[in-house]
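Visitor: These are the residues of each chain, in order.
Protein chains: 4
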Amino acid sequence: MKYGETLLRVRYAETDQMGVVYHAAYFNWMEVGRTEYFRQLGMPYSEIEKSELFLPVTKAYCHYKAPARYDDLIRISTTIASLQDVRLAFKYEIFRANSNELLASGETEHAFVNRKGKPVVLKKNNPFLWRRILEATGEKTE
Amino acid sequence: MKYGETLLRVRYAETDQMGVVYHAAYFNWMEVGRTEYFRQLGMPYSEIEKSELFLPVTKAYCHYKAPARYDDLIRISTTIASLQDVRLAFKYEIFRANSNELLASGETEHAFVNRKGKPVVLKKNNPFLWRRILEATGEKTE
Amino acid sequence: MKYGETLLRVRYAETDQMGVVYHAAYFNWMEVGRTEYFRQLGMPYSEIEKSELFLPVTKAYCHYKAPARYDDLIRISTTIASLQDVRLAFKYEIFRANSNELLASGETEHAFVNRKGKPVVLKKNNPFLWRRILEATGEKTE
Amino acid sequence: MKYGETLLRVRYAETDQMGVVYHAAYFNWMEVGRTEYFRQLGMPYSEIEKSELFLPVTKAYCHYKAPARYDDLIRISTTIASLQDVRLAFKYEIFRANSNELLASGETEHAFVNRKGKPVVLKKNNPFLWRRILEATGEKTE
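Chains as they are written, first to last, in the numbering used here: chain A, 1 to 142; chain B, 1 to 142; chain C, 1 to 142; chain D, 1 to 142.
These aren't lab readings, by the way, just hints derived from the structure by calculation. Possibly wrong hints are sitting among the right ones.
Which copy is meant is left open, so a pair is good if it fits within one copy or across any two.
Claimed, not checked - Computed list of lysine-lysine pairs in BS3-like fashion (alpha-carbon distance at most 30 Å, straight line): (1) Lys-2 / Lys-116; (2) Lys-2 / Lys-118; (3) Lys-50 / Lys-118; (4) Lys-50 / Lys-116; (5) Lys-124 / Lys-65; (6) Lys-118 / Lys-65; (7) Lys-50 / Lys-123.
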């Protein structure tokens with residue numbers, strides 16, 4: 001699998017009575033995509049929180065194109081959309097893995113905050129993560 | 001309560017380890033808002049589906065402003081954002097009921113489709129619902 | 001409504017592709033029943049946690065008799081099944097409110113623990129809650 | 001991995017404000033275990049439903065021993081507990097994969113029904129599945 005990609009299986013719990021996946025489940029999948037993105041970056045999100053840095057979602061968006069179904073193998077492609085001093089945005093594309101059909105695309109924006117919810121500047125708070133994100137997105141770090 | 005408003009209690013199940021409500025839960029609440037909106041309109045969504053009309057979500061968006069917490073009483077204000085031949089959009093404002101603090105605002109867009117997922121024109125498929133929505137949004141039905 | 005009772009509406013999110021409510025959702029409803037039980041007892045669970053007492057679930061059981069459906073009004077009847085020094089059990093009956101049909105019955109067992117997960121004796125840790133539960137269950141507190 | 005085993009990662013969405021996985025999520029995991037069990041048996045559950053056979057949950061039980069946490073790798077071991085003409089029961093053991101610590105054990109019972117919810121006899125309705133289950137559980141098929 002390529003950088004920023006992860007696979008999951010649609011759960012029965014994620015379907016609704018329309019016979020397809022309930023729309024809110026896609027936001028759970030984007031979270032799975034982010035989790036794997038941070039792991040591949042060398043800084044699992046569980047470690048980020050242990051360092052007292054939190055990334056609550058400030059905006060979330062999804063555009064649904066075709067329905068996912070129970071037991072479908074889903075491929076999530078996660079990339080950084082933008083990085084700023086106190087916020088970060090991810091972009092996601094969600095595919096049916098076998099057919100490579102694009103089912104949905106989405107975006108989430110996150111703030112960098114401490115345990116009390118106060119904004120923090122990533123570059124100062126966690127320079128390693130800042131540098132790794134810049135490297136991953138191909139930007140120069142100075 | 002005013003037209004288009006509904007109340008709910010935050011469930012423990014809806015919280016996450018950040019100690020606040022998980023962001024995807026707000027999309028479930030918007031669905032609760034829509035369900036009550038259709039009921040107040042005189043056409044419960046369960047009846048809409050029995051008439052073989054379905055309104056799958058095609059776009060969903062949420063902007064988070066302040067965290068909801070376990071056991072908070074939540075007030076959801078739901079309005080129609082736009083109505084077109086084959087689609088409908090809702091706007092939502094989500095408040096902490098006691099303090100009247102705005103926690104989030106959101107929007108969902110829905111297609112009108114039949115059981116097979118084919119688009120249908122609401123005015124022809126369900127003229128009663130079409131008229132009721134126009135009346136609710138204050139537009140003339142001619 | 002009677003003591004220990006609460007109402008809720010089935011959400012679309014809670015249905016699955018069988019066209020009925022997904023079985024795990026009933027455990028969320030039992031949690032709603034417990035939350036309202038503690039509130040009626042005079043000690044909301046949110047207050048219990050603020051006092052550094054936690055009641056994690058140690059066992060959970062549900063027996064499903066008839067399916068709940070989208071938009072059904074559900075009535076949950078919650079009672080204390082047993083109280084011991086370091087644990088508490090609840091019983092639940094879940095009805096379709098309009099028809100009074102019993103849809104499911106369940107039980108959950110909870111430990112009394114502190115923030116670190118260590119067992120605590122309720123009578124010492126929170127004598128008010130201990131007494132209120134005994135009173136509610138009709139036992140003498142001597 | 002051994003027969004009847006499957007792995008998953010704990011999602012952030014599955015945690016609650018106690019900082020551990022919400023108890024109802026384990027029932028979703030048992031469903032993942034069952035889904036993989038049927039696939040390994042040679043008859044994916046999605047195929048079973050396409051043949052108009054459904055296995056709604058009639059009883060569900062879980063005993064929680066230690067908390068699962070965000071990003072833990074979870075191993076689910078699924079076995080058939082019993083097979084009867086019109087019902088089937090599964091047993092599950094849920095482990096933290098790295099430490100091999102048993103986090104929970106559970107059981108679900110399922111009825112064999114048709115689309116209308118009427119009980120059907122598995123041996124007649126789906127002799128292949130009946131035989132495969134008997135073989136998997138090591139019983140003679142006649």
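Visitor: Could you run down the list of hints and mark each one as holding or not?
Guide: Cross-check of the supplied hints:
1. Lys-2 / Lys-116: The answer is neither: 36 Å in one copy and 35 Å across copies each exceed 30 Å.
2. Lys-2 / Lys-118: neither (35 Å within a copy, 35 Å between copies)
3. Lys-50 / Lys-118: both (16 Å within a copy, 22 Å between copies)
4. Lys-50 / Lys-116: Result: close both inside a copy and across copies, 14 Å intra and 17 Å inter.
5. Lys-124 / Lys-65: The answer is between: 24 Å across copies meets 30 Å, while 40 Å in one copy does not.
6. Lys-118 / Lys-65: For Lys-118 and Lys-65, the Cα distance is within 30 Å only across copies (13 Å; inside one copy 37 Å).
7. Lys-50 / Lys-123: For Lys-50 and Lys-123, the Cα distance is within 30 Å only inside one copy (17 Å; across copies 35 Å).
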